[in-house]
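Here the protein sequences line up with chains A and B, keeping their order. So that you can map any letter, position 111 of the first sequence is 225 in the working numbering, and since no number is skipped, the others follow by simple counting. So that you can map any letter, position 120 of the second sequence is 189 in the working numbering, and since no number is skipped, the others follow by simple counting.
Heads up, a few of these hints could be off.
Stated by the list, open to error - Within a straight-line C-alpha distance of at most 30 Å, the following computed BS3-like cross-link-like pairs (lysine-lysine) qualify:
no., chain 1, residue 1, chain 2, residue 2
1, B, K316, A, K202
2, B, K316, A, K171
3, A, K204, B, K278
4, B, K267, A, K171
5, B, K320, B, K353
6, A, K276, A, K202
7, B, K267, B, K213
8, B, K316, A, K204
9, B, K267, A, K326
If you are wondering where the hints come from, they were derived from the structure by calculation, not from laboratory data.
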Amino acid sequence: MVEPLSSNLEVTIGSLKLKNPVMTASGTFGYGPEYAEFIDLNRLGAIVVKGLSLEPKEGNPPPRIVETASGMLNSIGLQNIGITAFIKEKLPFLKRFSTPVIVNFFGDSLDEYAEAASRFDGVDGIHALEMNISCPNKQAGWSVFGTDPAVTCEVVSAVRKKTKLPLIVKLSPNVTDIALMARVAEDSGADALSLINTLTGMAIDIRTRRPKLANIRGGLSGPAIKPVAIRMVYDVYKAVKIPLIGMGGIMNAEDALEFMMAGAAAVAVGTANFVNPSVTVEIIDGMTAFMERGKIQEIRSLIGAAHAG
Amino acid sequence: MNRYVTAEITGNFSVGKNYRLLSLRCPDTGRKPKAGQFYMVQVRDSSDPLLKRPFSLFRKTAEGIQLLYRVQGKGTTLLAGHVAGDSLHLLGPLGNGYPVQKPVAATASAPASVTVAHAAAPVIIAGGIGIASVFPLIEEMKGKATVLYGARTNDDLLLLDELKGLTDDFHICTDDGSCGEKGNVIDLLQKILPADTKNLPLIYACGPKPMLRAVSGFAVSRNITAYLSLEEHMACGIGACLGCVVKIKTKEAKDMGTEDVQQRESSAKDAAYQRICMEGPVFKAEDIVW
Ligand SMILES: Cc1cc2nc3c(=O)[nH]c(=O)nc-3n(C[C@H](O)[C@H](O)[C@H](O)COP(=O)(O)OP(=O)(O)OC[C@H]3O[C@@H](n4cnc5c(N)ncnc54)[C@H](O)[C@@H]3O)c2cc1C
Ligand SMILES: Cc1cc2nc3c(=O)[nH]c(=O)nc-3n(C[C@H](O)[C@H](O)[C@H](O)COP(=O)(O)O)c2cc1C
Ligand code: FES
Chain A
115 MVEPLSSNLE VTIGSLKLKN PVMTASGTFG YGPEYAEFID LNRLGAIVVK GLSLEPKEGN
175 PPPRIVETAS GMLNSIGLQN IGITAFIKEK LPFLKRFSTP VIVNFFGDSL DEYAEAASRF
235 DGVDGIHALE MNISCPNKQA GWSVFGTDPA VTCEVVSAVR KKTKLPLIVK LSPNVTDIAL
295 MARVAEDSGA DALSLINTLT GMAIDIRTRR PKLANIRGGL SGPAIKPVAI RMVYDVYKAV
355 KIPLIGMGGI MNAEDALEFM MAGAAAVAVG TANFVNPSVT VEIIDGMTAF MERGKIQEIR
415 SLIGAAHAG
Chain B
70 MNRYVTAEIT GNFSVGKNYR LLSLRCPDTG RKPKAGQFYM VQVRDSSDPL LKRPFSLFRK
130 TAEGIQLLYR VQGKGTTLLA GHVAGDSLHL LGPLGNGYPV QKPVAATASA PASVTVAHAA
190 APVIIAGGIG IASVFPLIEE MKGKATVLYG ARTNDDLLLL DELKGLTDDF HICTDDGSCG
250 EKGNVIDLLQ KILPADTKNL PLIYACGPKP MLRAVSGFAV SRNITAYLSL EEHMACGIGA
310 CLGCVVKIKT KEAKDMGTED VQQRESSAKD AAYQRICMEG PVFKAEDIVW
């Protein structure tokens, strides 16, 4: 008897089981309800919400968005409603779905990171934490946490002590050696790594001779950054043992599969949600179709496939 | 049915030097678009341009909608190249339209003061391509509105014959005087609403930021309620990216009065960013922090 062929999209990120590898990228999916009109949120592998901080954050002045060739720059400035309001006002909605909720968070000091992490422990409906280390450190002249190995070690270790939830560290790509930063995060207690966050960029209006973003610099996302992201996932896969969540310019199933073959156990879709609000489920369907065509039973078998031989 | 649909182009005609009218046949999503709402249009399924472009509802038709647009940059240039039969992705209607207060007769339930305050026909102001947004509002008023329409030059004034048919009280101005009065809509506004005007109207306006700011200044100084439709760069149109914000006074700040707010250091409590795509695009002039 030949077993009927059914494609299995399940993957695991540490102790977290996902029904498929497709998650949403923080900051591109609001707190969830924004997309409920367009897709069944139950179908997602996981929902990652907008980055949260202890206190609500106002964000940067507009213009906050500039389109660039096959991408966009954003300088939202981490505007968010704060952890308390999220748990009270947004989490109850997300708990109605079977999809795990991953909370992205940040702080501007070591203490804030640690305090923020502890706030989520034991909160029903939060399944993992994703810590964004691509933000400025008040104690170190506002230099970015995730670009200095010593600071990264310190802040990840501090958060690790404060949470029993699976801890995903989201790496900054604005570094010389991403594999080194990945190893530091792994050694400091990360259960998984997310990469990549946006690449720092800038655009100037030649008519006014002024930067196009009010905040001058912004983060580049979208298809323009995909080759950089694929390379970084590929390099980091070789350097660490913990699972990777790949992101950066994923627009369709083919892009997502490319990330998995580079070494990602799961993927996150960001800017593409702005282009097509139902893109995430189209990617899941596209992955299933790819597996059926290629008679691939386990999507897990594709993780890191590009490293073979 | 959700608001992300594929629409078929049934017409894409020039209505002026750099302006076009796009007619779309859209599937029925069960939502009735209102004046002041907008749509996000994917001009081409490609990664460049990547993001959808926002355009106001110009007209609701039997088969769908019409959008009036200015050919300006990369996206609108590509849009101008589309012909009938092409299809594109469309998201909308989005945002809140203009709040329309129909003049009410004095009854026991409606206090006389309210009736008097809004008895005057509203003043609708369009600057440049802002006409696209207020056009359906002008139609809705069925002749009972004063319309001020300003543009840079004669070439930038659109659909004048149609507009003249929609209202008797129609005033035009251009920066260079090539059509109507030479000057801007604020000059016109001051003329039609002299300081001793008793019946103050509601004002609705859409246009470039400097114009809206001036309208806002006029309205606030004269204690007139003005609804302004704002623009900002948008990525999602559905409140997810937080890209399209404008600073809006919080309720506490408004209760304190403008002077108090100005005297204090602006703190997060006085005003907060709101999303133009969700809480807007229409805001009350007195609430906006410029
Ligand atoms: C709510 C709303 C309603 C609008 N309604 C209309 C309308 O009915 N008719 C019309 O002609 N125009 C309208 N606009 C402006 C229109 O969206 C821009 O002219 C258009 O996006 C320009 O695209 P482009 O690729 O040709 O220009 P480019 O300059 O090449 O665009 C580059 C980027 O900047 C953005 N951008 C440029 N100008 C504006 C602007 N003024 N507002 C917002 N984003 C901008 C584009 O969307 C794009 O992401 C509206 C804008 C908003 C926010
Ligand atoms: C508008 C916007 C807001 C974002 N906000 C956050 C955030 O709050 N926290 C975070 O860790 N990453 C944030 N990101 C980064 C994305 O999660 C993602 O890492 C990046 O955009 C690359 O993926 P993409 O090319 O698919 O968008 C944001 C990205 C965008 C475009
Ligand atoms: S355009 Fe994304 S929040 Fe308004």
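Cross-check of the supplied hints:
A hinted pair counts as satisfied when its Cα atoms are at most 30 Å apart, and K316/B with K202/A qualifies at roughly 25 Å. Taken as a hint, the K316/B and K171/A pair is honoured in the structure, with Cα atoms around 14 Å apart against an allowance of 30 Å. Restraint check for K204/A and K278/B: not satisfied, since their Cα atoms lie roughly 34 Å apart, outside the 30 Å limit. Proximity of K267/B to K171/A is assessed by CA-CA distance (about 44 Å); at most 30 Å being required, the pair is judged violated.
With a C-alpha separation of about 13 Å, the suggested pair K320/B and K353/B falls inside the 30 Å cut-off, and the hint holds. The suggested pairing of K276/A with K202/A holds, with an alpha-carbon distance near 21 Å, which does not exceed 30 Å. Taking the CA atoms of K267/B and K213/B, the gap is near 18 Å; set against the 30 Å cutoff, the hint holds. This hinted pair checks out: K316/B and K204/A have alpha carbons roughly 23 Å apart, not beyond 30 Å.
Restraint check for K267/B and K326/A: the C-alpha separation of about 45 Å exceeds 30 Å, so the hint is violated.
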